[in-house]
Amino acid sequence: QSSVTVFGVIDLAARSVDNGASQYQLAGSGLNSSRLGFRGTEDLGGGLKANFWIEGAINADDGNATGQTWQRRSTIGLQGGFGEVRFGRQKNPTGLTWEQLDVFGDTGMAASGRLHQLFSVPTGGAYSSFSRSSNSISYDSPTGTGFFGTAFVAAGEGAVGNKYIGGRVGYRAGDLLAVFSYGETQVTPSIDAKLITFGATYDLKAVKLFGMYSTTDVGAADQKNLLIGASVPLGATTLRASFHKADGGGSISNREAKQFSLGAQYDLSRRTALYTTYSKIDNSNTALTVATGSTLRSGDGSSGYEFGIRHSF
Amino acid sequence: QSSVTVFGVIDLAARSVDNGASQYQLAGSGLNSSRLGFRGTEDLGGGLKANFWIEGAINADDGNATGQTWQRRSTIGLQGGFGEVRFGRQKNPTGLTWEQLDVFGDTGMAASGRLHQLFSVPTGGAYSSFSRSSNSISYDSPTGTGFFGTAFVAAGEGAVGNKYIGGRVGYRAGDLLAVFSYGETQVTPSIDAKLITFGATYDLKAVKLFGMYSTTDVGAADQKNLLIGASVPLGATTLRASFHKADGGGSISNREAKQFSLGAQYDLSRRTALYTTYSKIDNSNTALTVATGSTLRSGDGSSGYEFGIRHSF
Amino acid sequence: QSSVTVFGVIDLAARSVDNGASQYQLAGSGLNSSRLGFRGTEDLGGGLKANFWIEGAINADDGNATGQTWQRRSTIGLQGGFGEVRFGRQKNPTGLTWEQLDVFGDTGMAASGRLHQLFSVPTGGAYSSFSRSSNSISYDSPTGTGFFGTAFVAAGEGAVGNKYIGGRVGYRAGDLLAVFSYGETQVTPSIDAKLITFGATYDLKAVKLFGMYSTTDVGAADQKNLLIGASVPLGATTLRASFHKADGGGSISNREAKQFSLGAQYDLSRRTALYTTYSKIDNSNTALTVATGSTLRSGDGSSGYEFGIRHSF
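Residue numbers (the working numbering), protein chains in the order written: chain X, 1 to 313; chain G, 1 to 313; chain S, 1 to 313.
One or more of the hints may lead you astray.
What the hints assert, rightly or not - Looking from chain X toward chain S, a few residues come up when the C-beta cut is under 10 Å (computed):
1. A60
2. N64
3. A65
4. T66
5. T69
6. L274
For the record, the hints were derived by calculation from the structure and aren't laboratory data.
The beta-carbon is built from N, C-alpha and C at its ideal position, and this holds for glycine as well.
Just chain X, with the same shape it has in the complex:
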């Protein structure tokens, strides 16, 4: 009767971070996000399937001091020839696009997400629907090659920052993936954050190329991001590099940040990998850092490196 799959990732890295002052850390999720989840599919006949998926983050360095929650994903869906309709909490089109177009998967010390918010959230505002949304209803077109699309809406339920309306269209064929996404998040009752992201990946076998451009508009502030990356497979080893540039506009036109990252992954098996990552951020006058840690003086740079091991089950 029970048909549940237990799955997860444990990923830990020994890390040095220099945000003005240097600190050694043991840190989670350097290559992939550590997680524990339960998922399953029931075949309902006639091509129809019911899916469920609950997945929570684990801070394996300290045993997840905040308690197990399913905030990475908790969904129930109906899937058929028409595509899939899902209810619940999940990555929204904006978050999914960032993850796919970043050679580091928007994860770890080199995650591109750190440069996605040069602006300050207005007084009284929140910005919690950045990459995942609670209370969402989504429609995904059928999977396969060729064009695909997602429509996505998340109820605000009276809380600033929770509302999200968005979607994306893409094209997948052979070595190419191209995506365009749009998302609107409510920052205050009167100000929306509007995010346009587009880009592509192209796999030349000897090297896989990643490119992404995004614009964010939040009241009087706006910013433009350009991210380029590449990965090179060498047997069991994969090398990765990326460069990310964020330029403020409007009321934050004096803000700018650049991030440069290098990584190497060595696969002991399909499930277990050793890796090392180096990343460096230069800020004009906002305090973005490659990882949490020491307080950073405004305008200072930040850098760090880590050696880790990832196991998925």
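Guided by the hints, dock chains G and S onto chain X, whose structure is given.
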């Protein structure tokens, strides 16, 4: 060696609620309570079994922001020809009886539980042992047809609201289930809440009837509840309706509330169902609502409807 | 693909505690610590293995009101002919040694850990790395008989009380286990707690003997602990007894405590056991208690007994 069953329910519904002001929501547990659990049984020989069961609630709409706990049930029991003795946290006889005699299972927008507390808890008091009790020891008579009974005690451990002493006796045969339960919960060190509940369900095949009557006595306040319900199976579809009336007495004789609910469930399989529910509460002068949401002005009515999907694993 | 083992322990006991005033309780973890965990091993070939282990505590008496976390253990390790290297949160050498040399496994009402801290932590200090450490990197020599050793370091990451440096060496052969461990924990930025523990167990078949001696040095305070214990197997029953004495020195030379404990365990199977434990603490002038509960007046004694059931899965 390991003999654990992972089980659960994910149940999410798109919902509209009008508690004075209207709001759209994605909400969990419209048909059954969303949960994740682990349970198992070990055969010890000679008819003796050891049972364990841990089960926690999931708020699948936002990924359970408060963290996974096993507050729905966490028990260890020894079971044999004598019945079963259990230690831990579990539904107490009062809660079990409400669940069995409500055609909506005391769950979702139509849950009868919303009319079970017209009274205000006295200053310095708590009322946490309403339907589940921590620190409990229970004895259940052997399962089967005919008479059955439960004796139940939960240690207060110095905390107001935790203590519970109760039990129930019932009769199950063919299409009939009849139950009488008594429970005492400590509200303040000097005031007990005393709850008597009795009723029956009778399955006429074309329709199943539900009836429940309860009296609650809390210091100077008391209330009487009458709940009637019916379910009608039509192939894969089940229709449900209930009417619930709560009358205050003593110091709250001016309080009264009525709830009327309608529901339909369509089974895609034994495990997956689509459903819709409508419910409406009229209050004389207390602010009971069909679901959490907007603040309700005292005496106002509340109504809502939802469309959901439930999958159990 | 998935290769995860779900495991755990549920252990609950009906308990009476007298810490000045008497109280009845239902309590967890009288014989073994209640827990839920997920673990797995992947064979990487060439004698190399990847291990993961996440394990959290369960308060089964109230359903773990604080939420499921993996604070008992969350590790990823690489194991081979060289031994094992692990990253994450885990028992440190000090905690492991206490557990092995206490006939009650440092668990339940008779746990020796209650007498390990006569001293008060200095103002501004913390002492959280007592038996487990977050952010740790450990090396264990290969398992088997003969000599073994562990080296262990935990990053403080700027938080007082988190830092830990330690290790242990031991010898295991036939009926003998002998262990020496050293651990340093940071209590304040300028004060370290230094813990030396050594002892042995010897299995004479008719009786197994346990002995442990430890010294703790925390700034101006220090203490010495002597723990002796014995277990006697009688068919499915095991009897246990221990005596523990803690003597303060330096600034706490007026503090002393003694604990005497008796226990009996009856195995219904390898996985399920009934047990009873009695324990009594006499304090000179510090308020150590056999279990949490009523407030104890300084210098008073404390005693309690419990009847429980443990099931592991």
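Right, here's what the structure says about each hint:
no.	hint	in the structure
1	A60	4 Å, holds
2	N64	5 Å, holds
3	A65	6 Å, holds
4	T66	7 Å, holds
5	T69	8 Å, holds
6	L274	8 Å, holds
Violated hints are absent here; each numbered hint is respected by the structure.
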